[in-house]
Structures are given as C-alpha cells and as structure tokens.
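Using the sequences and the hints given, assemble the complete structure.
There are 4 protein chains.
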Amino acid sequence: MVGGGPGAFIGAVHNRAAALDGLAMLVAGAFSSDSAKSRIQGEAYGLAPKRVYGSFEEMAAREAALPVGERIDFVSIVAPNHVHFPAAKAFVERGIHVVCEKPLTTTLNDAEELCRLVRRHDVVFAVTHTYAGYPMVKQARALVQSGALGTVRKIIVEYTQGWLYHLLEQTGQKQADWRTDPARAGAGGAIGDIGTHAEHLARYITGLELERLFADVSTFVPGRKLDDDANMLVHYQGGAKGILFCSQISIGEENRLAIRVYGTKAGLEWHQEDPNFLYVRYPDGPTAVYKPGHSYLAAAAQRGSRMPAGHPEALLESFANVYGNAMRVMLARRDGRTPDPLDLDFPTVQDGAMGVHFIETAVRSGREGKWVDASYDPPGR
Amino acid sequence: MVGGGPGAFIGAVHNRAAALDGLAMLVAGAFSSDSAKSRIQGEAYGLAPKRVYGSFEEMAAREAALPVGERIDFVSIVAPNHVHFPAAKAFVERGIHVVCEKPLTTTLNDAEELCRLVRRHDVVFAVTHTYAGYPMVKQARALVQSGALGTVRKIIVEYTQGWLYHLLEQTGQKQADWRTDPARAGAGGAIGDIGTHAEHLARYITGLELERLFADVSTFVPGRKLDDDANMLVHYQGGAKGILFCSQISIGEENRLAIRVYGTKAGLEWHQEDPNFLYVRYPDGPTAVYKPGHSYLAAAAQRGSRMPAGHPEALLESFANVYGNAMRVMLARRDGRTPDPLDLDFPTVQDGAMGVHFIETAVRSGREGKWVDASYDPPGR
Amino acid sequence: MVGGGPGAFIGAVHNRAAALDGLAMLVAGAFSSDSAKSRIQGEAYGLAPKRVYGSFEEMAAREAALPVGERIDFVSIVAPNHVHFPAAKAFVERGIHVVCEKPLTTTLNDAEELCRLVRRHDVVFAVTHTYAGYPMVKQARALVQSGALGTVRKIIVEYTQGWLYHLLEQTGQKQADWRTDPARAGAGGAIGDIGTHAEHLARYITGLELERLFADVSTFVPGRKLDDDANMLVHYQGGAKGILFCSQISIGEENRLAIRVYGTKAGLEWHQEDPNFLYVRYPDGPTAVYKPGHSYLAAAAQRGSRMPAGHPEALLESFANVYGNAMRVMLARRDGRTPDPLDLDFPTVQDGAMGVHFIETAVRSGREGKWVDASYDPPGR
Amino acid sequence: MVGGGPGAFIGAVHNRAAALDGLAMLVAGAFSSDSAKSRIQGEAYGLAPKRVYGSFEEMAAREAALPVGERIDFVSIVAPNHVHFPAAKAFVERGIHVVCEKPLTTTLNDAEELCRLVRRHDVVFAVTHTYAGYPMVKQARALVQSGALGTVRKIIVEYTQGWLYHLLEQTGQKQADWRTDPARAGAGGAIGDIGTHAEHLARYITGLELERLFADVSTFVPGRKLDDDANMLVHYQGGAKGILFCSQISIGEENRLAIRVYGTKAGLEWHQEDPNFLYVRYPDGPTAVYKPGHSYLAAAAQRGSRMPAGHPEALLESFANVYGNAMRVMLARRDGRTPDPLDLDFPTVQDGAMGVHFIETAVRSGREGKWVDASYDPPGR
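Just so you know, the protein sequences line up as chains A, B, C and D, in that order. If you read the first sequence in our numbering, its first letter stands for residue 827, the second for the next number, and so on. If you read the second sequence in our numbering, its first letter stands for residue 827, the second for the next number, and so on. If you read the third sequence in our numbering, its first letter stands for residue 827, the second for the next number, and so on. If you read the fourth sequence in our numbering, its first letter stands for residue 827, the second for the next number, and so on.
Simulated from the structure, these hints should not be mistaken for lab results. These numbers were taken from a predicted model, which means no experiment stands behind them. There is no bait here: all hints are sound.
Repeated chains share a single entry, so a pair holds when one copy, or any two copies, can fit it.
Once the Cα atoms are required to be at most 25 Å apart in a straight line, the calculated DSS-like pairs of lysine-lysine come out as:
#1 K1091 / K1000
#2 K876 / K915
#3 K863 / K876
Put into structure tokens, the structure is as follows:
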C-alpha cells in the first residue's frame, strides 16, 4: 500500500476490503513520505520491517527486485491525489498491478500517460469508484441494460456532503487539509473529490457518456482555495439530459450520493446512505422495491452480496464488534492487563444460558397455555 | 472453527468478522463431522492440512497439545445447535477461549454446566448475539442508561422472517433442515433460532430481565416438527411490560428484527434492516434521528463504527467487490486463464482518465461561464 | 349533530367530512348538555337559533315533528361514549338515520338493543370506524379478497399513542377527562377508545372475526381509573393468529395505527400516519408499493380518492389554508377591521406576477442558451 | 367560480377547500365557455339556475349588479391559463375579490396590468400557490426567519412529474390538452404549470428572490408544442445559489415537489408527497423531524392544522368516505333505489356492537388472566 499512514481513514478501508474474501493480505507498504510515520503504521499492521518503505519509489524498486511469488502481487495507492500519478507510474512500469484511489491524477496529461503505460506494460489497473460495487447499483445497471427503463431521457445525480461548511482545513484536520489544497488535490475541490463519483455512477448505471456540460462552480467558504460546491447542467450522448451536482457545504448532510434515471418505460432511484433499497417506478403499476440477496436479481447483483436477504452488510461489522471486544479481552488476559471497560461489552456464556432458559420457558408456556415464571439467574454471574 | 462446512453461510461471516480488524486469522478447523468435507473446506480457506480436523474432539485434543503461541488462541463454534455443548466443553476444559453461536445449547442443564466450566477454567466465552454489535444499538443502550428515557414502561420487540413459509426443510435446503429438527435444534424452532436474539436485544438495550411470560406458540406449516411462530406477552422485572414475537412464516419479510422502548420521558425505535437510523421520540419536541460516525454519540457507539458518518458499513463490501473483481482478473492473468466476464466489472484506468477529464471540463465551464464539450475518448480503450 | 361543543375536536371533523362532497350541511344540533354552550356553538356554525337545542331528547322530538324535507335527514352523534346509546335510541326510534362515534355504547346490552332497534325502525346506522375509509385500506381489503395473499396466517395490528403518558386528566384537559372516566367512557380506556379501531381494521381488511383472545391489560399511570395499555394474543376464526395491542402511554407516539397481514402467498403492511403507502411483500420478487389515485387500483380504492396520484389528501387542507387566510382578510375589509397578521399569509397578485416573470425568464434563457437577469419587482408591491 | 366544468379536477378541489372551514359556499358560476356544460355543472352543484352563467363576462356583470350581501363575495378562477387575465380583470374592475389559479396570466404585460388594477380597485387577490399552505412548509419558513439555519447558501427545489411521458394530449385527455397548447397555457409548459410552484415555494420558505438563472429547457416527447422538462441553475439575491428543476416526463413520478435549503448553521428538507414530515439537519447533533399538530411549532404552522398530531389531514377524507357511503345509502332509501354495492362499504351498528363485545372481552380476559371466547354474532346481522 502507498499512503494510508496515521490519521488517514481510507487506507484501513482499502486494507479490510482487499482482505475481506481472503484473496489478499497486506505484506508491504510505503504508508507515508515521512519514513518514521511509515514505520509506525507498518508496525501497527504487523508487517515485516524490511517491507515497510520510506517512499513509493523505494518500495517499487525493492519489491520489483524480489522474485515473483515473494514480491507483492499488486499495490493499492491511497495517498493524496498528487501522489497518484508518480506512484502508479512507478509500479506500472515495473509490471505490478495497481488499485488506485480516485481522481486518477491531478492533470489530464498524466491520466492519459497512465492509460498508455497500462496498455504498454499490460497490467491490471483498477480505480476505486467504489459505489459501483453495491449490489443494488449493479441491479440498477442490469435493469437499464435489459431495456426495462426504455430509452433514458433524464438523469439526476448528486453527491452532497456538509462537512466542509466551515474552514475546517485551518483547524489541522488532515482530511480537509489536502483536499482543499490545489497542489495536492488538483484543479477540483468538491468536483474532484466527489463529483467524479457522481459522474462515474451515472455512467456505470446507464452506460451513457457525457456530451457537454455547463457548470456553476462556487467556493462558499471564504478563504478556501478550491471549489466546495458545483451545480451542472449535463447532456449525454444519445440525447439524455440531466443535472449533476456536488457539494461539501450542504450542512448536515453526511454522504448523500443519490441517483435517479428516467426512461421512456420506467424510472429508478437509489441512495447510497440506504444502499439496500432500489426503487423502480412505472407509469401504470405499483413501485417495485428491490433488495439484495434474492434469487430474482441479476447475476452481478447476486454476486455482490455476502449475506442472505435482510441481513445488511453492516451486520458483518456488528459481528466484528462482538468478536473485537472478546478478542481484546483475550489479549488482555494473555498480557496480564485489565481490559478496557468498553471491551467487556460482548454477550457472555451467562447471556447464552439466559437465552436457553428463555427458550424452555416460552415453549413450556406455549404448551401449558399459562403464564410461567421467566426470571433466571445463571450460574457464575 | 468448528462447523461452517460447505453449504453453511454463517461460517464465512464469522471468519470475515474475526479477521476484519486484523486481530485474528483462521489457522485451524473441524468444519464438518464428515472429514472429507472438512478437508475440502480447509483447502478453500488455504489452511495447512495438518490443522484441518475430522472432528472437534480431535481438534481440541491436538490443538491443546501444541505449544502456546502455535496453537489456536480461541475457537469459533458455528455448527448446528446440538454440537455447541460438547464442542464448547471440549475446548473450555482445555483452557481455550470460545466464541459460540446462539442458542448456547439445546438444554438448560448443558447451558448451566457450561457456565460452571467457564468459571472453573477461567476462559473468555462469547455468544454471538451479534445484533448487540450495531453502533445504533449501543447508542440506544447508552440513552437508556443515561436516563434519557426515564423509567421504561413498555418494550415491543420482534424478530420476523418469512423464509420458512413453506416446508423448505423437505427440499434439501441445509439451513432449514437442521433448524427444524428437534434433535439438532433443541426445543425451540423460531423461538430458539431468532426469538433468543429478540430477548437478548431487549435485555441489552434496557438492562431489564424477564420476570414472567405467556407464549402463544404455533406451527403453521403442516409437517413441521418445531414451532415456526410465537407471540408472547412479557413482564420485566421492575414493572415494564411488553410484547415479544418471532416468526419464520411471515411471508415476504426478510430479517425484520426491530425494537421499540417507551419510558416515562421518551421512547426509541430501531430496525435491523435499516441499522444506521435510531429514532428517539419526545412528547413535546421533534423526533431525533441518530446516525453512526458522529462525535455526539456515546463512546461505545462511536467505537462501533469503522467509517465516517454517512458511509454505511456496506461500503466496505462495496469496496471489496471492486477489489475482488480486480484481484480475480489478476489471478486469471497469473494463471493464464480467461477471466470470468463478471470479473471484468471494475473501474479501469480509462474510467479514471474520464474522471480527470470531467474535472477539467467542469472547472473550465465554471470559469468561462459557458457550455463546454464534455465528450472524451481516453487512450487505450 | 349531538355533541361537539366548545373544546371538542371531533365534532368539527365530522362536520367537515359530512359536507366535503356537498352531500350534506349542518342545520341543527344539540352540541352540549349545557344549553348555553350549545347555543354558543350553534352560533359559531351559523345555525338558525330555533334549531339549536339544549338536549338530544329535545332535538329528537322537535326535529321529528318537522315535515320530511325540513327536518334533518340524519344525525351525527359525537358526544362522549355514555351518551351514544340514549341519543342514538332517541333518533332511531323516530326513524332518523344515525352516524355514531365509536365505541357504539358503554355496555353490550345497550349495543344489542341498538342493533334490534335499527332493524325494527329500518334506519341507516353508520359507526365511524374511519380508518376503513382510507383508499389504501380499501386496496388492502381488495387484495385479501382477491386471494393475492393466499390464506391469512398472521395479523399484527396496533394502535399506539403516547398522549396519556402522564395524568393529563387532572389538568383540566377535556379530551383526557371523559376518556379516563368509567362513567362516561365505559369499561375500556385505551381498549375502548382506540383498541376497537384496531379490531375493526383487522376485521375490515381480512374479513376474519375473533375467536378468542388473551389480554394483558395495564394501567401505567398511577391514579388513572381505566386501562391505558393492553397487549393481546388473538386467534381468528379459521386459524389465523396474531397480536393486537393498543396503548396511550407509549410516549412520543402520536397516532400509530398500523397493520400487517401475512398469508400463504404474500404479506401486506399499512401505517395510518403515512396513509398513502401500502406495501405488499412477496417471497420471490420485489416489494410492491401501492399509492392512491391510480387506475390499477381496486374500484373501492379508486373511489376513495378525491385527488390525482401524488396529491396527498392533505393538499385539500393546504388549499383551504390559502383560501382561509384570503377570506379572513376579505371579511376584515368588509367589517373595517385590521386583519390578523397571520391572515396576510397567502400568495398575492404580485406573487403571481413574479411567477409569470419567472416563466418568461426561464423560457428566454433556454432559448438563448445564456444566463439572464431574473430579478423582478412587480408593480404595487 | 369561473371554470371547473365537467372533466376538470381542480374546480372541485377549490370548492371543497373554500368551504372546508364553513367560511364560504358556492353560489354562482360560469363553469364553462359552453353554456350547456356550464348549466350541467351548476346543476351538479345544486345552484340556482339564474346564477349559472354562460361566460365570465356575463357573470361579472350580473353579479356586480346584485346588491352587496346578495352578490358573490369573491370569485375563484380555475379555468385554463389564458382565461385568467380577462376573467380576473372583469371581476377586479367591479370591485370583487379574486382567488386565481397559477400561473397568473400568459404574459407579463397582463400580469402587471392586473397588479395595477388590484391596487386601483383595492380588492383582495390571492393566487393558489397552494403548497405554501402546508403546516410543515410554514414551519420551514418560520425556522428560516428565526435564523435557525443561519445564512442560506444553497437551495435545491424540484417539481417532478411523469404523467406527460407520452403524447397524452393526443388521446383526448383534457388536462393534458390545454396545458400543452401555447394558446391556452402561455409560453411555458412544465415551467408554467409546475415550475412556478417550485419558484414560489423556494421564495416562500427562504424569503429570497431570484437574481439570475440559466435554463436548459427541453421538449422530450416528439410532437409536443411546449417544454416538458427544464433544469435551471439559479442565483438568489444575497448570494445563495442552487438548482431549480421541473419535469413532466420523469416517468413513474407522481407529484414530487421537494425542497432542500442549506444555510450556515443547519439544513432542511421537505417533500410534498409526504407532507407531514420536515427534516432539519445539524452538523453536530441528531436530525430533527418536525410533524404537525404540536405546540412546539410556530404559530402559522400550528394554525394550519385541523387535526391533532398524528392524524394526517387525509383522515378528513377517510371520514368523508365513511359519511359519503352512508349518505348515499340514505339517499337511495329516500328515493326507493337499490344502493350501489360500493356504497354499502361503511361500518354498521353491528360493527359497533362487535366493538363493544371486543372491549368487554378484552377487559374480562385482562381481569381473569385467561383466554376468553371472543367470537360474537351481533343481532340483526
């Protein structure tokens, strides 16, 4: 991994995502351009010290020198935008696959150069427009492809946040700092950071590419160096029209990425903050609400779910919270430490016994048709 | 891991959850009582063959014989209910920590025996009442504890599913098969499988324990051997009353676990299928909607989130879907295989270049105040 | 009208509802057992003084003495529960049709006596279980009748309020006062006031009648004389089972009447506080959301709407608010009074001119493809 | 009333709205420019034949000739757009108050002339931008006025419909016919019909007026003569920016009028199809959901409700549906006709008796703590 040092959040997300299905594990990294910080982060991940590097150049050179099978299979680039191009170039030129954060680069020249390098060195190169990974987004795309919407006429897509409603970049907040700095973020503020996701989402679902646009770009917060809000009229190839807007000053909004597509036969709507619901509206019948995990979904949508229907993916993290607390208590035991009180928050064997008592009590009440005593004090509490 | 062989779903969930924060990785397992199936599953997980066992007895004995540091730190028991007790006992008696699925055992005697063994051998023992792991459930609990609801008067808790609306157990569906078999599931059908989650959730949030109950227990599907629906009147210690119901024949419902708690000052409501919204209602002010990732939340609720506000935990899996496809294409390249067409579904370097072109176009339109051409064909497409 | 004097709210609702389609207008009333109050209310309604009575006995006798065509066609009885029986009896026995609030009477004997009287005198007698009037409730009923749900297995119906969470009846609040007084309300508190609506709604939608029930009835607020909460297990004729609960101490809830019905083929759900959405869930397809005003609905559901799709019935009152303010200003002008500042809140001719300017501006910008000045100061502002 | 003849829908809405609070009743009308149709409609309303006119000119002249007290107090103009100006002018010049549909006129010249006439003749003139009448819209306005949102930065307002997704005007549908005809509708199609509502709503809530706009105006349906979709970038006086869009080809949408306002301190959101919920979002606290009928609301919002909290205004029509059926059965009795089977759909005295039986049964079960027989066959069924 390149980037993702102390204080970043997206590095840990990439790491968890890559490891989720057991297909990859983190073995090397240049987590910061400050080699001390990189080392600290490498230790936090439990990496071998010799594979924690002080720069992506060093990492690319030294990893490429390792035999295939020992060296990294691919690199994730999660550093600020201005690092994407040189880092990606360094790995691509050595024939190492790349997963890179968006926006790809800070200039179009660099982006095109990367396109050519990827072709020349024949590597796999993925950009994490992650919202395309949601099962219901894949279902939306499949519905458009199937013709269920008819010809697309109108697309309304937005990515609305509020966290930059004040001059957060001057408070030392690291996320705000580089995102509002043209030297590290590139030409776009909100446009680059989140507008690109909106553009990709509309294209991914409908297959339509932009033809022309008219943008009203604003910087609402005095002292900010890049845009923090943009409203655009957009025309797509083939005649569809619409609106694309992005904002980081829409106060109180968290991460409102949402899209509506209207065709000649039906319309659809999806919201990222409630990602398990896809609405399809018809002119002459009830609205249909699609949810993940069902056999009636398109193949790509089915494959995107790791849970049965009705179990939101969040359940995995809920599970992980139970495991995490229990494991932290185990570690404290091992090390002879008193556990953090917050770690004691997991269901115990006594909770389990209370559950079994509940079952027996309920079954007995049902059988006998009367009130039964349900109080119970399990052993060892 | 004990259980979680081919055809199970919860094994993979446990495995991912345990590994999510990098605190654990799977190293050994007795995945099935059929040793061939266990071996197949072990290979799927990439485990060393010598640590894939044909029975939990063998696993417990052989792992316990390994030196500390080499042997497993804890075991996850995810087999059907009737295996929980003997398996848990085998590990607890050898001083190995346990994470066990619910219901803990099929009889109260066994559950109490486990309570005593856990105390005697001084191990950590967690039961996966996972719904307690959601950040908004923790926030609900913190609100009750803080007195924000006043004294609790009424609790309505339900766990409603529909998947057993017909005799699914006779179609060879493995999940339905053991859950409806008294020999493997225990005395309760829906009551044991999901009713216990409802009971735990109410207790976890309110801290109140049952005092007595009256259950109307039904088996709606002819030929089924255990209950598939139960409606209960419940009284809690201290005077709160309420309803607890569970069902697996409520057709069309997926996994509707939901709770409402009414006190003397305020009431709250939470739904598992939309887990990032907690509603708190007051008699004389607007309803408050809590969401994860905010600094205004209680410490336990804050700690339960791995994402910033507005990024549902599902985003992690959406990320993993992008990674997974890209990695499968890398593997196909390595092995000289043609990738599965479904695997080609990830954003490429050309998508990235199109994003950069979009940024430049939008910024230019904004600056010039006019329509600009937004069409673009990136190199190498 | 009998009842509906100063301080009541349901009288005005009945009056507006009866007049809404121009089929009826209020011409006579005994609004209070206090004849001064009755007179005041009659004046507020602009009635002829001779048709405002001091008691229902007087009203029944004197109206019945008028020639047909002059006398009332029917009477609405909206007084507290204990008045229903004698008042209804007085009119029925004189051959006058009756619309009566629920619960019908305070004792079953009285109710049965009324049933017999209605038959003997051959009058039309309606009880205002009004929730049966919603278009989506009628659609739900039609779906059950059509067999779309298969055989009904489970019904969950609730009527949950919170307004009586404290001893409101001792603050002089008139609504709370009689509803918690056994002499005027009858044997049931929450059960009579709202539980009966829940019972009727389930019966109306499913056509199923109760067979037996088990009730857990509570009075949570110390000093209250009737129940304020009840949770019931219910069995319906034909084998369906379920839960029926009602509460007036569920703090923060307003008027949460909701029902779910699960059959062998599909399930449905409806919420009174969001009455224009009916959800139908299937085991193997997307959830269907029905809304009023569409031609795909059942005849009874279509007839229940006065608006096109997407125009909630609330729009009528929103309209009435615009009219009301404008008309109050007209009245103030007529009477030479200064209007209440709140009455000035309606769109004026200048607002209209601004709208026309907006149209012209937008059309011009669209035609010319450029920004146009949209500011405008209409004459006479 | 001028307009609202057979086939119109908005006339009946105006009539019901004006009468709802008992402040007005319909006494005269020129319902159609076809005097036969006007007469038919007048009969349907039960008006005196001499006050049903064949043209608005005749109506204005003859009503104005009646003595004050006998003549109409005001006129509602609900005819197609091109009639608004001459009709309004005719009444205003005779000193008669006017309530007029939007858009006010088909040209700005006419609108300004009306402004001047209203001032000269000193009449009350209201334009039915009815969405301003909703209680939660009034609350939104009060919140902005109170400073709760800080300085407004961004406004997103839309009015999205789908009913004109095909060439409905060529099917004989009367509503579509005149709205898409420049001669009767004016310069704007969707812009005039619904865009003006969006513009007014934003202005009403925020108090901000447009400064400039950029419109992308489309006609998607081939053969249509006016716009059916428009997306606009808008700037407000004082620096707020935003988007205003309207559409009648967004298939599957019914009547989606919605607004979001973001200030420097908080943001708000309201949706017309779910009008009883107003969302206010803060950067550092839970989202607040406001609902009608509460004492914590602003005075204008409180006054806009005719019901207690939790009783949607739709309940009034649900009530009216019960009354309507019962009254139609009474009329059938009077006239010796067999009632329409749909009219028999209202709760009867037997339903009432079943409710009373339910109360007694529930109370008894609660007292005795056991299952009780709840089946019941009321007399006379």
